[in-house]
Amino acid sequence: MKNKKTSQHQFVGFLIAIVILALFFYESESKPERNFLYQVASEKAVNTEQTNGLKEVQDFSERQKVIENQNIQPFTKSIMNKFPVDGSPKGTFQFQSSNQDAVFLVRDKYTNELKVVVQLPKYSQTEMLIPLGEYVVEYATGDGNWQGLDRFWGYSTQFYRSNTQHRIYRTEHGGGSYTTHGSGIILNTPDGQMPDRITKGNFINSN
Numbered sequence: 067m068k069n070k071k072t073s074q075h076q077f078v079g080f081l082i083a084i085v086i087l088a089l090f091f092y093e094s095e096s097k098p099e100r101n102f103l104y105q106v107a108s109e110k111a112v113n114t115e116q117t118n119g120l121k122e123v124q125d126f127s128e129r130q131k132v133i134e135n136q137n138i139q140p141f142t143k144s145i146m147n148k149f150p151v152d153g154s155p156k157g158t159f160q161f162q163s164s165n166q167d168a169v170f171l172v173r174d175k176y177t178n179e180l181k182v183v184v185q186l187p188k189y190s191q192t193e194m195l196i197p198l199g200e201y202v203v204e205y206a207t208g209d210g211n212w213q214g215l216d217r218f219w220g221y222s223t224q225f226y227r228s229n230t231q232h233r234i235y236r237t238e239h240g241g242g243s244y245t246t247h248g249s250g251i252i253l254n255t256p257d258g259q260m261p262d263r264i265t266k267g268n269f270i271n272s273n
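Everything in the sequence shown is counted per our numbering, starting at 67 for the first residue and increasing by one.
Source of the hints: derived by calculation from the structure; they are not laboratory data.
Note that the structure is predicted; figures quoted are calculated from it, not measured.
No more than 30 Å apart at the CA atoms, straight line, and that leaves these computed lysine-lysine pairs for DSS-like:
| id | residue 1 | residue 2 |
| --- | --- | --- |
| 1 | K266 | K188 |
| 2 | K148 | K188 |
| 3 | K266 | K131 |
| 4 | K175 | K148 |
| 5 | K266 | K143 |
| 6 | K148 | K181 |
| 7 | K143 | K156 |
| 8 | K156 | K188 |
| 9 | K181 | K266 |
| 10 | K188 | K143 |
| 11 | K175 | K188 |
Please put together the full structure from these sequences, using the hints given.
Now the structure itself:
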């Protein structure tokens, strides 16, 4: 009877050992599979978080086109100035555009204060009277759609500062006679001086 119980105990122990070994091998074989699944899941998470630079550029460009279409307006000739009405002596200042519409600015040379804004369509010229003094001329051109004095012609806009001396002055001849000397700017002349490129921030600054 004792031997029978011992045999039963041995048999149960043998079964337990087989079960433990089976579980061990199952765990060992399933670990690589689980690791692989974890790696794939991690890669998917990284790919999901990665920014698509091409899509960003596309979205930005489309937003700019919407804004541009909302702001399109006709470009017309306009002369604006901030000179006081004080009867001071003046001379003629001429403006001439080239193959693009242009916006001209005239600033006081010594204070940099903005005095004149001229919108001039392409292949056009105009003139105005300006008080005697020395001035700096800046201008902007572009071949896009005109969007006003804030956005100008959009991305195609370029800003410049003239390197030419602009001076309005008088030469006295005695006996109360005199000659008034004017100034001006003509864009893209073959023998003209090269202008300096400036930023939009420089261009729209009031002083």
